[in-house]
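For the sequence shown, the UniProt record's numbering assigns the number 1 to the initial residue and increments by one for each residue that follows.
It is possible that some hints are incorrect.
Stated by the list, open to error - No more than 25 angstroms apart at the CA atoms, straight line, and that leaves these computed lysine to aspartate or glutamate pairs for DMTMM-like:
no., residue 1, residue 2
1, K249, E317
2, K249, D286
3, K237, D171
4, K306, D210
5, K14, D88
6, K306, D270
7, K14, E117
8, K249, D300
9, K306, D195
10, K249, D183
11, K306, E274
12, K237, D183
13, K237, E274
14, K14, E34
15, K249, E274
16, K306, E317
17, K203, D270
18, K249, D210
Honestly, the hints are just simulated from the structure, not real lab data.
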Amino acid sequence: MLSNADRAQLEAGKLFGLVGMEEVGHLLETCTIETIEAGVHLLEPGVPNHHLYMVLDGELLVYPGGTSLPEHVALRGGDCAGEMSLIDGQRVSALVVPSRTTRLLVIPHDVLWTMIECSYVIARNLLGILAGRLRNNNLALVASHEGSLEFESAVSVDALTGLHNRHWMQDAFTRAMQRCERDVTPLCLILVDIDNFRHFNGKYGHVIGDNVLRRMAQSLSEGLRSQDLLVRYGVDKFALLLPETTLDKSCQIAERLRLSVAGQAVPVGDNATESITISCGVAGIDTNDTLDTLLAAADDALLRAKQNGRNRVESAER
Numbered sequence: 001m002l003s004n005a006d007r008a009q010l011e012a013g014k015l016f017g018l019v020g021m022e023e024v025g026h027l028l029e030t031c032t033i034e035t036i037e038a039g040v041h042l043l044e045p046g047v048p049n050h051h052l053y054m055v056l057d058g059e060l061l062v063y064p065g066g067t068s069l070p071e072h073v074a075l076r077g078g079d080c081a082g083e084m085s086l087i088d089g090q091r092v093s094a095l096v097v098p099s100r101t102t103r104l105l106v107i108p109h110d111v112l113w114t115m116i117e118c119s120y121v122i123a124r125n126l127l128g129i130l131a132g133r134l135r136n137n138n139l140a141l142v143a144s145h146e147g148s149l150e151f152e153s154a155v156s157v158d159a160l161t162g163l164h165n166r167h168w169m170q171d172a173f174t175r176a177m178q179r180c181e182r183d184v185t186p187l188c189l190i191l192v193d194i195d196n197f198r199h200f201n202g203k204y205g206h207v208i209g210d211n212v213l214r215r216m217a218q219s220l221s222e223g224l225r226s227q228d229l230l231v232r233y234g235v236d237k238f239a240l241l242l243p244e245t246t247l248d249k250s251c252q253i254a255e256r257l258r259l260s261v262a263g264q265a266v267p268v269g270d271n272a273t274e275s276i277t278i279s280c281g282v283a284g285i286d287t288n289d290t291l292d293t294l295l296a297a298a299d300d301a302l303l304r305a306k307q308n309g310r311n312r313v314e315s316a317e318r
């Protein structure tokens with residue numbers, strides 16, 4: 001039997017708000033009241049449901065993905081559960097569990113539909129509840145997607161320089177190579193290495209060294225075209241992929257980058273500055289090249305640039 005407090009709770013809830021209780025009072029008397037303990041599964045995913053549950057006292061927690069994930073929503077006095085499966089006739093999609101001892105008004109499926117037929121206000125209220133559920137679900141999806149994007153960004157972006165890293169390079173560079181192969185257009189890879197960076201880092205410390213890496217990333221980024229791809233490839237090494245670019249043009253770009261870096265004075269403390277230089281190895285894509293073979297060719301060219309005195313550009317001998 002519903003108490004006066006129970007009726008007040010229902011009148012304050014979303015389903016029976018603005019509904020004259022005399023309209024549905026006789027139908028409410030046909031419903032039952034159940035008390036369930038914390039942890040008992042009221043509704044389970046994949047199980048049919050034939051009742052609407054109205055919270056009189058206590059709290060229900062809704063877990064769309066099971067209790068291994070955080071609850072999606074908490075239902076308290078006046079809220080209802082199970083309406084979605086009653087409306088669409090499908091099996092339950094979420095786990096619903098009381099967080100503490102909870103009293104529920106249990107409305108059978110046929111009684112709910114009779115209430116809807118008796119009162120357009122109840123029908124309107126139920127539509128409002130469903131719309132609210134959908135809106136909350138959409139917001140949760142957006143938040144989940146944003147979280148996924150943040151995680152993806154954290155995995156694929158180098159925290160120090162803000163450039164993409166080798167994890168991202170594997171997929172992005174490979175797709176660019178496949179596109180150039182399909183379109184029968186040239187493509188080149190430049191490996192850029194800061195000369196004597198370990199010595200520089202040991203002499204001036206990691207703070208100054210990190211500043212050099214950030215400045216290098218900025219210098220390389222400023223000269224990029226929209227189709228060019230740049231990553232931090234190693235501690236002091238960067239990889240630049242140039243789609244639709246011939247070997248001669250790529251060597252010119254590498255030379256321009258080398259001159260730009262050589263002309264910069266790097267602050268190293270106490271108003272002192274130091275010059276840094278880079279060496280570049282350039283390789284053009286060849287028939288049946290993979291990313292690994294293209295990188296190996298550019299790395300061979302970079303090694304020759306180092307061996308030939310540094311602060312220079314060498315192209316791959318293929």
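Task: Satisfaction of hint between D88 and K14, Cα-Cα up to 25 angstroms - done: It holds: about 20 angstroms lies between the C-alpha atoms, which stays within 25 angstroms.
Task: Given pair status - E274, K306, alpha carbons within 25 angstroms - done: holds (20 angstroms)
Task: Hinted pair K306 and E317, Cα distance within 25 angstroms - done: holds (15 angstroms)
Open item on the list: What's the verdict on K306 and D210, does the C-alpha distance respect the 25 angstroms limit or exceed it?
Closed with: With a Cα-Cα distance of about 22 angstroms, the restraint between K306 and D210 holds, given a limit of 25 angstroms.
Open item on the list: Tell me if the straight-line CA distance from K306 to D270 falls inside 25 angstroms.
Closed with: violated (31 angstroms)
- [ ] Please work out if K14 and E34 have their alpha carbons no farther apart than 25 angstroms.
- [x] Cα-Cα ~20 angstroms, so holds.
TODO: Assess, step by step, whether the Cα of K249 is no farther than 25 angstroms from the Cα of D286, and give holds or violated.
DONE: Distance of about 16 angstroms is within 25 angstroms: holds.
Task: Satisfaction of hint between D183 and K237, Cα-Cα up to 25 angstroms - done: The hint is violated at about 29 angstroms.
Task: Pair hint K249 and E274, alpha-carbon separation not exceeding 25 angstroms - done: violated (30 angstroms)
Task: Distance restraint between K237 and E274, which requires alpha-carbon spacing of 25 angstroms or less - done: holds (19 angstroms)
Task: Hinted pair K306 and D195, Cα distance within 25 angstroms - done: holds (8 angstroms)
TODO: For the pair we were handed, K249 and D210, check the Cα-Cα distance against 25 angstroms.
DONE: Violated, at about 31 angstroms.
In summary, the numbered hints that this structure violates are 6, 12, 15, 18.
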